[in-house]
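Asks: The primary structure of each chain is shown beneath.
Protein chains: 2
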Amino acid sequence: MTLRVANEVLPIAEDEYRARLDRTQHAMKAAGFDALLLTAESNFRYITGFNSQTWVNLTRPRYCIVPLRGDPVVICPKSNVVILETTSWISDVRTWPAPRPEDDGVSLVVEALKSCSGQSGRVGAELGAESRLGMPVGDFLRIRDAVAPTTIADGEYLLRRLRMVKSPAEIARCRAIGHIASDGFARLAQSLRAGDTERDAAAKLQADLLAHGAEKMPYVIAVSGEHGYPCINMGPSDRVLDAGDVLIIDTGSTFDGYYCDFDREFAFGTPCDDVRRAYDKVWRATSAGIAAVRPGVRTCDVWQAMALSLDADSVSGTGVGRMGHGLGLQMTEWPSINREDQTVLAENMVITIEPGIAFSTTDRHGHAVQKVLVHEENIVVTVDGSAMLSKRAPTEMPVVH
Amino acid sequence: MTLRVANEVLPIAEDEYRARLDRTQHAMKAAGFDALLLTAESNFRYITGFNSQTWVNLTRPRYCIVPLRGDPVVICPKSNVVILETTSWISDVRTWPAPRPEDDGVSLVVEALKSCSGQSGRVGAELGAESRLGMPVGDFLRIRDAVAPTTIADGEYLLRRLRMVKSPAEIARCRAIGHIASDGFARLAQSLRAGDTERDAAAKLQADLLAHGAEKMPYVIAVSGEHGYPCINMGPSDRVLDAGDVLIIDTGSTFDGYYCDFDREFAFGTPCDDVRRAYDKVWRATSAGIAAVRPGVRTCDVWQAMALSLDADSVSGTGVGRMGHGLGLQMTEWPSINREDQTVLAENMVITIEPGIAFSTTDRHGHAVQKVLVHEENIVVTVDGSAMLSKRAPTEMPVVH
Chain A
774 MTLRVANEVL PIAEDEYRAR LDRTQHAMKA AGFDALLLTA ESNFRYITGF
824 NSQTWVNLTR PRYCIVPLRG DPVVICPKSN VVILETTSWI SDVRTWPAPR
874 PEDDGVSLVV EALKSCSGQS GRVGAELGAE SRLGMPVGDF LRIRDAVAPT
924 TIADGEYLLR RLRMVKSPAE IARCRAIGHI ASDGFARLAQ SLRAGDTERD
974 AAAKLQADLL AHGAEKMPYV IAVSGEHGYP CINMGPSDRV LDAGDVLIID
1024 TGSTFDGYYC DFDREFAFGT PCDDVRRAYD KVWRATSAGI AAVRPGVRTC
1074 DVWQAMALSL DADSVSGTGV GRMGHGLGLQ MTEWPSINRE DQTVLAENMV
1124 ITIEPGIAFS TTDRHGHAVQ KVLVHEENIV VTVDGSAMLS KRAPTEMPVV
1174 H
Chain S
774 MTLRVANEVL PIAEDEYRAR LDRTQHAMKA AGFDALLLTA ESNFRYITGF
824 NSQTWVNLTR PRYCIVPLRG DPVVICPKSN VVILETTSWI SDVRTWPAPR
874 PEDDGVSLVV EALKSCSGQS GRVGAELGAE SRLGMPVGDF LRIRDAVAPT
924 TIADGEYLLR RLRMVKSPAE IARCRAIGHI ASDGFARLAQ SLRAGDTERD
974 AAAKLQADLL AHGAEKMPYV IAVSGEHGYP CINMGPSDRV LDAGDVLIID
1024 TGSTFDGYYC DFDREFAFGT PCDDVRRAYD KVWRATSAGI AAVRPGVRTC
1074 DVWQAMALSL DADSVSGTGV GRMGHGLGLQ MTEWPSINRE DQTVLAENMV
1124 ITIEPGIAFS TTDRHGHAVQ KVLVHEENIV VTVDGSAMLS KRAPTEMPVV
1174 H
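Here the protein sequences come in this chain order: A and S.
Residues in the first sequence are numbered consecutively from 774, following this note's numbering.
Residues in the second sequence are numbered consecutively from 774, following this note's numbering.
Note that these hints are calculated values from the structure, not bench results.
Model, not experiment: these values are computed from the prediction.
A virtual CB, placed ideally from N, CA and C, is assigned to each residue, including glycine.
Be a bit skeptical, because a hint or two may be false.
Computed list of lysine to any residue pairs in SDA-like fashion (alpha-carbon distance at most 25 angstroms, straight line) [what the hints assert, rightly or not]:
#: 1; chain 1: A; residue 1: K851; chain 2: S; residue 2: A1080
#: 2; chain 1: A; residue 1: K851; chain 2: S; residue 2: D1074
#: 3; chain 1: A; residue 1: K977; chain 2: S; residue 2: K1054
#: 4; chain 1: A; residue 1: K851; chain 2: A; residue 2: T868
#: 5; chain 1: A; residue 1: K1054; chain 2: A; residue 2: D1011
#: 6; chain 1: S; residue 1: K851; chain 2: A; residue 2: W1056
#: 7; chain 1: A; residue 1: K887; chain 2: A; residue 2: D918
#: 8; chain 1: A; residue 1: K977; chain 2: S; residue 2: G1030
Restraint ranges, calculated between C-beta atoms of paired labels, are given here [stated by the list, open to error]:
#: 9; chain 1: A; residue 1: A926; chain 2: S; residue 2: E1120; range: 32 to 40 angstroms
#: 10; chain 1: S; residue 1: R1049; chain 2: A; residue 2: D865; range: 33 to 41 angstroms
#: 11; chain 1: A; residue 1: E781; chain 2: S; residue 2: T1168; range: 52 to 60 angstroms
#: 12; chain 1: S; residue 1: R842; chain 2: A; residue 2: T1135; range: 53 to 61 angstroms
#: 13; chain 1: A; residue 1: D927; chain 2: S; residue 2: H799; range: 47 to 55 angstroms
#: 14; chain 1: S; residue 1: T1168; chain 2: A; residue 2: Q1143; range: 58 to 66 angstroms
#: 15; chain 1: S; residue 1: P1068; chain 2: A; residue 2: T1135; range: 41 to 49 angstroms
#: 16; chain 1: A; residue 1: T1135; chain 2: S; residue 2: G843; range: 35 to 43 angstroms
#: 17; chain 1: A; residue 1: D865; chain 2: S; residue 2: S1089; range: 17 to 25 angstroms
Sample of chain S residues lacking proximity to chain A, with all beta carbon distances greater than 12 angstroms (derived) [unchecked claim]:
#: 18; residue: R791
#: 19; residue: G843
#: 20; residue: A945
#: 21; residue: G986
#: 22; residue: E1106
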């Protein structure tokens, strides 16, 4: 069953990895870096192709060093060699017998960085906003001291910029998982029942996604409440879903390493007018956001298009702090779609469009209560606009009877 | 369906979190720390109870500051407040409107750390072996500079030591997922068919685990080959399973945040003598390892018991570098069970017993080939020995016809 979709998506060839390397080295030259030190799963995979769930295990780090010229060097535990031989195009692989807490690859990394040392005297590492280092920071500081007078500065922004623009192979993966999840949400609207818990709902969706070819489902939240939900990033809990409830499920699931990230809502029984108005308002703001997207437009312009369609107070009330973001090997990538961000959209960027509002309604006891409502879609920027990667949410909230 | 197991496992009460805090503060006092700065999901959850899949999103970090006296402070994005109110006992919550790349909580963290400043002038952070910082390193370095003359040193080892010994509530969670996965593997032996791919096999197991109450399945690898597999940490691929193949599946799945981590093997058709001998040898080494476990014994002694049962060359041939490890909120926790590690086992530690060997066999063309064979079980150290958390693997490899 999983092969059907896989066959429509071709493997990423060595040529593509070499093109990524070439672009990276051009950017390094322009920015004045002799080498990049990569340790985070997404950057490591982007350059090397290395594909393994072993990143869950924090005992053994791995390192990719991209020199200004020539092929990358991978420094990894012995137990990673077969993975590299099977999934990566990199031939210069240096190993140590991990775990070895007193030197978990550190001396090999220092040696490799020293041999890259050149004109600029600078190495780029993953230090900037939204980055995470895939190694112990104590070891990073040791490496930094050992390579002096070479300095280590943030270099992740180079890869972040390159990774924003996707290749056809990358877009195909985002589309594959976007379609799997869209169809899964549509089927979920049929299989949900009053009396299900949030946990049941999330489990039903996950079972469906698995059966239709999703690879991993790292993020499947479910939040519900009477006439709306209080936030979009927790659960599922054992809360039982019943008449009057609104349920949101948001999923970041993957196909061959690439994420979708979008949500859908379900009303248990006919939703009240407040909920229907909020849904319609945010649905239309989503359309406004999508319509604003084309090459040359800035992310802040897309934000403004959505903000115009909503009202400013209710936008800030969600607490989410932006209305969309990049998407790819990570569930959230650069850029943010917010009031300040000036990133200029370009063809083949994959982004989410994610407007939301806070709204007031009345609970069964007649008390005023605050809820949020957030929609999300995944799109790719095309030459003259955008194309959907998720299938557009229904114009009215699906009702579970 | 998921409630059945959940009802047997009680929520972790505020008393338990307060006891964890108390032990942490005692350890901080003894080690000379004025505060701990925690940013990794496992440590953050261990102290605060904060439970959300939002850690998949790297845009917004969060910080827990444990002072030497008094309650912890949480510094988090506004969008995390409802999660904290719902899942955490912490009342001192300070927020900022994230994402805000120019100050993603940094000034709030600096202010909170300065107000903890005391006699020792030292703050502990997650810097040591096997740790990962859950925030950008650039921001960490900024904080380090801003709190000077207070110094920041590795303090994670304190929590690592405390977290090694589990509470009854933690053990119940490890047991719950250990049983779900054990039963799932047993059912998989019945549902596997020649002609399935590795991906099908992994998907069947995951669907089963989900249906029986597993929460997340971050790690479900599947590797196969003729008469054995080449490593234990990659796949599943689209390789078709057929007569003569051996398949290993290893899963790190969770129940309410706590992991199991063990594997099972499946033979497609009657396994050859080399495979049967290897399986029997490693099965007996697993028993030897389990039998060696009791309070007061060192991890290296448990390793020796397994090494004695195997032979030294074939042990190092697996490349795994150890024969078990701690288990809990992470799939792999301190300590390692290896030749050097001197950790003294104590009651209520949860560990994996994971011996393995490299062995030679002959492929269908008559060529000598190298394979590995690794077994794994999850146990808890008891007052006079140990108790199984996984259900012991069958004495002979299950055969799929």
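Asks: Hints first: check each against the structure and report whether it holds.
Replies: Going through the hints against the structure:
no.	hint	in the structure
1	A:K851 to S:A1080	holds, 19 angstroms
2	A:K851 to S:D1074	holds, 24 angstroms
3	A:K977 to S:K1054	violated, 41 angstroms
4	A:K851 to A:T868	holds, 5 angstroms
5	A:K1054 to A:D1011	violated, 30 angstroms
6	S:K851 to A:W1056	holds, 24 angstroms
7	A:K887 to A:D918	holds, 12 angstroms
8	A:K977 to S:G1030	holds, 20 angstroms
9	A:A926 to S:E1120: 32 to 40 angstroms	violated, 48 angstroms
10	S:R1049 to A:D865: 33 to 41 angstroms	holds, 39 angstroms
11	A:E781 to S:T1168: 52 to 60 angstroms	violated, 44 angstroms
12	S:R842 to A:T1135: 53 to 61 angstroms	violated, 45 angstroms
13	A:D927 to S:H799: 47 to 55 angstroms	violated, 38 angstroms
14	S:T1168 to A:Q1143: 58 to 66 angstroms	holds, 60 angstroms
15	S:P1068 to A:T1135: 41 to 49 angstroms	violated, 59 angstroms
16	A:T1135 to S:G843: 35 to 43 angstroms	holds, 40 angstroms
17	A:D865 to S:S1089: 17 to 25 angstroms	holds, 24 angstroms
18	R791	holds, 23 angstroms
19	G843	holds, 27 angstroms
20	A945	holds, 16 angstroms
21	G986	violated, 9 angstroms
22	E1106	violated, 9 angstroms
Violated hints, in rising order: 3, 5, 9, 11, 12, 13, 15, 21 and 22; the structure is consistent with all others.
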